[in-house]
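Spelled out, the chains give:
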Amino acid sequence: MRTFFRKLGQLVWSSPVVLLLLALCVAGIFVIMSATYTNDQLKDAPASQLKYILVGFAFYLALAFTPYRLLVQVSPILYLITLAMLVGVFVPGFKHKVFGADSWLKLGPVILEPAEFAKLTYILAMAWFLRVRESQIKSIWTVLMALALTVVPFVLIKAQPAFGTASVFFPICFAMLFVAGVRWYYVVLPLATASILTVSLYFWVHVWDKPIPFMKPFQMDRIKIFFDPSLDPKGSGWQITQSLIAIGSGGMKGKGWMQGTQNVLGYLPKNTSYNDLIFPVVGEEEGFRGGAALIICEGFVLLWCLWVAARARDKIGALVAVGVMTMLFTHVFVNIGMTIHLVPITGIPLPFISYGGTFLIVCLAAMGLVQSVWVHRKNFERA
Amino acid sequence: MLADDFRVEGWRLGILALLVFAAMGTLLNRLWNVEIVNSDSARQQSEAQTTVRSRIAPARGAICDRYGVMLAENRPSFDIDFYLDDLRRDYAESHHGIVPTLPLPNDKNGHKRSEPDIVEIVKQSIAPIRDMLGLTAPLNEKEIREHFRTDRDLPYHYMTDLDFATVANFEERNLGVTGISISQVPARHYTYGALAAHILGYVGKPFNQTEHLASDGTPYETIGRDGIEAIMDERLQGEPGSSFKRVSSQGYTIPDPTLKALDIDPTMGNTLYLTIDARAQYIAETAMRNAGVGRGAVVVMDPRNGDVLAMVSIPSYDPNKFIPKITAKDFDALNQDPTKPLFNRALHALNPGSTYKIMVALAGLKSGNVDVNTPFDCPGAIQIDDHLFHNSDRTDAGTMSLVHAICVSSDVFFYQYGIKAGIDAIDAMGQRAGFGHKWGLLGEANEDAGILPGPEWMKEKEDWLRKTHNIDHWSKAQTANTSIGQGFVLVTPLQLATFLCAVANGGTVYQPRLYSHFVDYNGTTKYELPAAQVYSTLDVKPSDLKAVQEGMREVIQSDEGTGTRAQVPGYTMAGKTGTAQAYIRMDGSVKQDLKTWFYCYGPFEAPRYVCCVLVEGGSWGGTTSAPIAQEIMRRLFALDTGAVENVAYLQPAQGNFNGVTDVETHLPAPGTPGAPATADNGSPLDNPDAPSSTPMPDLPPIGNPASSTKRAH
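Just so you know, the protein sequences line up as chains A and B, in that order. Residue numbers are given in my numbering: position 64 of the first sequence equals residue 64, and the series is strictly consecutive. Residue numbers are given in my numbering: position 327 of the second sequence equals residue 327, and the series is strictly consecutive.
Because the hints were derived from the structure by calculation, they are not lab data. Quantities reported herein were computed from a predicted structural model and do not represent experimental measurements. Don't take each hint at face value.
What the hints assert, rightly or not - Mimicking DSSO-like on lysine-lysine, the simulated pairs with C-alpha atoms at most 30 Å apart in a straight line are: (1) Lys-476/B with Lys-420/B; (2) Lys-43/A with Lys-245/B; (3) Lys-97/A with Lys-216/A; (4) Lys-216/A with Lys-234/A; (5) Lys-95/A with Lys-138/A; (6) Lys-51/A with Lys-138/A; (7) Lys-234/A with Lys-158/A; (8) Lys-51/A with Lys-7/A; (9) Lys-459/B with Lys-420/B; (10) Lys-253/A with Lys-245/B; (11) Lys-253/A with Lys-234/A; (12) Lys-461/B with Lys-234/A; (13) Lys-142/B with Lys-234/A; (14) Lys-260/B with Lys-253/A; (15) Lys-224/A with Lys-245/B; (16) Lys-476/B with Lys-591/B; (17) Lys-420/B with Lys-216/A; (18) Lys-43/A with Lys-224/A; (19) Lys-366/B with Lys-234/A; (20) Lys-461/B with Lys-438/B; (21) Lys-438/B with Lys-366/B; (22) Lys-546/B with Lys-526/B; (23) Lys-438/B with Lys-541/B.
What the hints assert, rightly or not - Residues on chain A that point at chain B, a partial pick, calculated with CB under 10 Å: (24) Ala-175; (25) Phe-178; (26) Gln-219; (27) Gly-235; (28) Gly-237; (29) Ile-245; (30) Gly-250; (31) Gln-262; (32) Val-264; (33) Gly-283; (34) Glu-284; (35) Gly-287; (36) Leu-306; (37) Asp-314.
Said to hold, decoys possible - If you want the footprint, here are the derived chain A segments under chain B, 3+ residues with CB under 8 Å: (38) 8-20; (39) 316-324; (40) 335-348.
Every residue, glycine too, gets a C-beta built ideally from N, C-alpha and C.
With the hints as extra help, turn the sequences into a complete structure.
See below:
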């Protein structure tokens, strides 16, 4: 019982972060209200989101008080269960198709997205694996085996198809490998190669307008349209074009809550403006001030994760915190980046803001893990 | 258990922290660029795609008479508009997204294409209200499909100018079918029907989407098609206004009060003030109708400044028939009517007959070749060149001088007088008087210049004259013929009235004026046309002019005069009769169609009015036209003493060919040498050079309805 109160004391110590998370989630409800109030089919969305937040914080607290090393120890089993669920979404009887993708699993009364839970169990499993490989951490095999662990869920999720969600696993993998202490160039070289390829693609396709061998014309078009959405403003360039107009027309102060014409009049597609394209709603209605505040808040959460990693009692804790940080970072950067034309449009939500039960619960649970690392950190154990 | 004290290397976390900072910085920087730097263009794009501008039609400027009596104004017209895209969407929503389609030609890749069958959708959409409201106007399928393809955001006007019963029915039952609404637009209304129809003209829809665009690049609802409406169209048009609505990405419009500030009210066009006096116009119109005139014209002017007070052409039409759109049947009827109701006879040139003698008299006096007292022997007929020229009554009148010759309108006198004066003097005076010249009151296109014939003119028309008349030089006989207003001479009623103004006012030829100014919607006067613009002077000695005036006074006031029927008790007037021989082809034969003139001014001592009456198919200027002029002058004088003239809505004057008489079959066809011409009271039948009533090739014979066909829509 004394332990519990000590843990509670640590939690209170980090209460600004808890309040920040709460504030983000509540802000999210308001944005979702604005994005859905003209849509009768979604009029329950804000209330549902509130329920998810409550469930999410329940997970948050539960995990915060659970010693993370316990979870890491059972993580191989959790990982395997997750893989089974990821296969399950393709099995008739369990599968539950939404928007043409097999992302949902029906287990009795509960419908959930295993891909989101996979992110959590994957982070735990990676921490376990890297701890196990501690003695051979500099070996190339460590990297290759970690990649193998990553590729399996990636392939299964991409097959749903949910490329956006699937692609989150690689950044987590690289960040955890890097922090675990692999040779730096095992991580930097692939990233550098990818960056050089992207830049080359920009010049080759967009600036010089050259074709890529073995690529089909429609694929070429997609690349071209990413670099210049005005090539197809009504078609595949529609979302980015409208997103840029929405954010741009917000200006410094924004048009006011529920006053964004792009949002209310449906130029931001109604079926994504409350989840994946929620940032333009913020940008349009709350202006640069609101958008920047959101970015800074999300950034603060990320930095806190890193802070926790630095103060972690052990390597496992640090790895878990870094894994969670990277997962959230990828979502924040890609989600906001795609709406302001930094990265291609991909279907991934914005942590704590976007509508969606599974993802919100997973994000809060992940923060619960980080909280657990904080609560169980070295100083506390010594005390 | 994995419990251990392994720690991660701090620098690796540091690099991640830097990455997070860099990434957040990148996002913030990019957000700044998108939201602050490019804000204006994004805002414009946003406004452009979320607002739709609807045009508010401007009202056309009114046209009123010199005292502000409205002759053409605007009334509300109710239209049923279809918003085709709304109809389609509504149909789709109530039919589970299924709409009837029509196949289109395959695209270039051979894929099948189709478009919504909008006509079918419209038919089904209006079916419930169609019977209730009696909307029987057939759907123009081609027009609807074309409108749907090109302007589906703009309303399609299905029916225009609904009656009030239908409008009330529609509103009362609140037949709120999405995409069908009633809109109110200004429509032209001519207050007094056919009154001054030929001056006002009419308006019509634009022929296409590019004709005469307003300042916002959209075509005006109506465009002036004839008369003053046409030539002053630009100044009469108003400025369209606009109102803005929000439009969703699905195309639904959403009211947004914040856009109210952007709305622009339409401004009405300038009000045009004519010089016409509606009462004078009404007097002239009714005088012609009372006399049963089937074809003719009246021009009333103010000799003190050249203002046109009335200008009538008979037969006429009701310009309201053209609003909002004349039916094909009505338009064909107007165009195929052989009496040509659309044609403005006040601006059409004809032989002036003896009215021309006044100008010839002044020409002779000015030339100095003759004077007021120069006597001429006036037998029943005289020999000129190889031809015998008869006086109209073929009796010997003895010797007479100018004043008496005007009074009795002696042809034999004026044959000799004209020859003595010389054709050059006649032409010079004619030019001063404005004959052979278009006054351009209603645009040059619809006005004849007339002909001031002479050696010069003959040279210009040499080829044509040789071919049609077999003459190649100017002869004394032609001068003689010209002197009595026959032969090649052609003048318009307006020219004669303008000339008579100069005679009445002591010799100043004023530029005739039909409008004085415009007043814009603020009440500011614009585009003023000053009164009493001098065109030229007759430049004859006052004593000579007095003599001519005296002759004209005797025409009316003396018992011997030819125009005694124009006498108005209590007033002294001066005038001159004229009867020009003319022929038309009708029903395959040549018939006589006399042009009988009378023009006068009064009161003699201080002239205020000049009146010129032309009747086609009359019998004699003194008996047909003088009484009409008498009625007009009498009622005009009465106005000045306080009588009230109640101007009322006028039905169109019907045309006829009464007074056209058969002629002996041995007469040569008009337009050939030897065709007959008459002087005032008769006809020098052996006159060699008299042309028919249609001497110019561009004046086609009656019976060809295309001749004065005007476009109307």
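A quick look at each hint next to the structure:
no.: 1; hint: Lys-476/B with Lys-420/B; in the structure: 10 Å, holds
no.: 2; hint: Lys-43/A with Lys-245/B; in the structure: 26 Å, holds
no.: 3; hint: Lys-97/A with Lys-216/A; in the structure: 29 Å, holds
no.: 4; hint: Lys-216/A with Lys-234/A; in the structure: 22 Å, holds
no.: 5; hint: Lys-95/A with Lys-138/A; in the structure: 41 Å, violated
no.: 6; hint: Lys-51/A with Lys-138/A; in the structure: 45 Å, violated
no.: 7; hint: Lys-234/A with Lys-158/A; in the structure: 27 Å, holds
no.: 8; hint: Lys-51/A with Lys-7/A; in the structure: 26 Å, holds
no.: 9; hint: Lys-459/B with Lys-420/B; in the structure: 22 Å, holds
no.: 10; hint: Lys-253/A with Lys-245/B; in the structure: 24 Å, holds
no.: 11; hint: Lys-253/A with Lys-234/A; in the structure: 28 Å, holds
no.: 12; hint: Lys-461/B with Lys-234/A; in the structure: 68 Å, violated
no.: 13; hint: Lys-142/B with Lys-234/A; in the structure: 29 Å, holds
no.: 14; hint: Lys-260/B with Lys-253/A; in the structure: 22 Å, holds
no.: 15; hint: Lys-224/A with Lys-245/B; in the structure: 35 Å, violated
no.: 16; hint: Lys-476/B with Lys-591/B; in the structure: 28 Å, holds
no.: 17; hint: Lys-420/B with Lys-216/A; in the structure: 101 Å, violated
no.: 18; hint: Lys-43/A with Lys-224/A; in the structure: 37 Å, violated
no.: 19; hint: Lys-366/B with Lys-234/A; in the structure: 83 Å, violated
no.: 20; hint: Lys-461/B with Lys-438/B; in the structure: 19 Å, holds
no.: 21; hint: Lys-438/B with Lys-366/B; in the structure: 24 Å, holds
no.: 22; hint: Lys-546/B with Lys-526/B; in the structure: 40 Å, violated
no.: 23; hint: Lys-438/B with Lys-541/B; in the structure: 27 Å, holds
no.: 24; hint: Ala-175; in the structure: 6 Å, holds
no.: 25; hint: Phe-178; in the structure: 6 Å, holds
no.: 26; hint: Gln-219; in the structure: 19 Å, violated
no.: 27; hint: Gly-235; in the structure: 14 Å, violated
no.: 28; hint: Gly-237; in the structure: 13 Å, violated
no.: 29; hint: Ile-245; in the structure: 5 Å, holds
no.: 30; hint: Gly-250; in the structure: 6 Å, holds
no.: 31; hint: Gln-262; in the structure: 6 Å, holds
no.: 32; hint: Val-264; in the structure: 8 Å, holds
no.: 33; hint: Gly-283; in the structure: 6 Å, holds
no.: 34; hint: Glu-284; in the structure: 8 Å, holds
no.: 35; hint: Gly-287; in the structure: 7 Å, holds
no.: 36; hint: Leu-306; in the structure: 5 Å, holds
no.: 37; hint: Asp-314; in the structure: 6 Å, holds
no.: 38; hint: 8-20; in the structure: violated (count 0)
no.: 39; hint: 316-324; in the structure: holds (count 4)
no.: 40; hint: 335-348; in the structure: holds (count 5)
Checked against the numbered hints given earlier, this structure breaks hints 5, 6, 12, 15, 17, 18, 19, 22, 26, 27, 28, 38; the rest are met.
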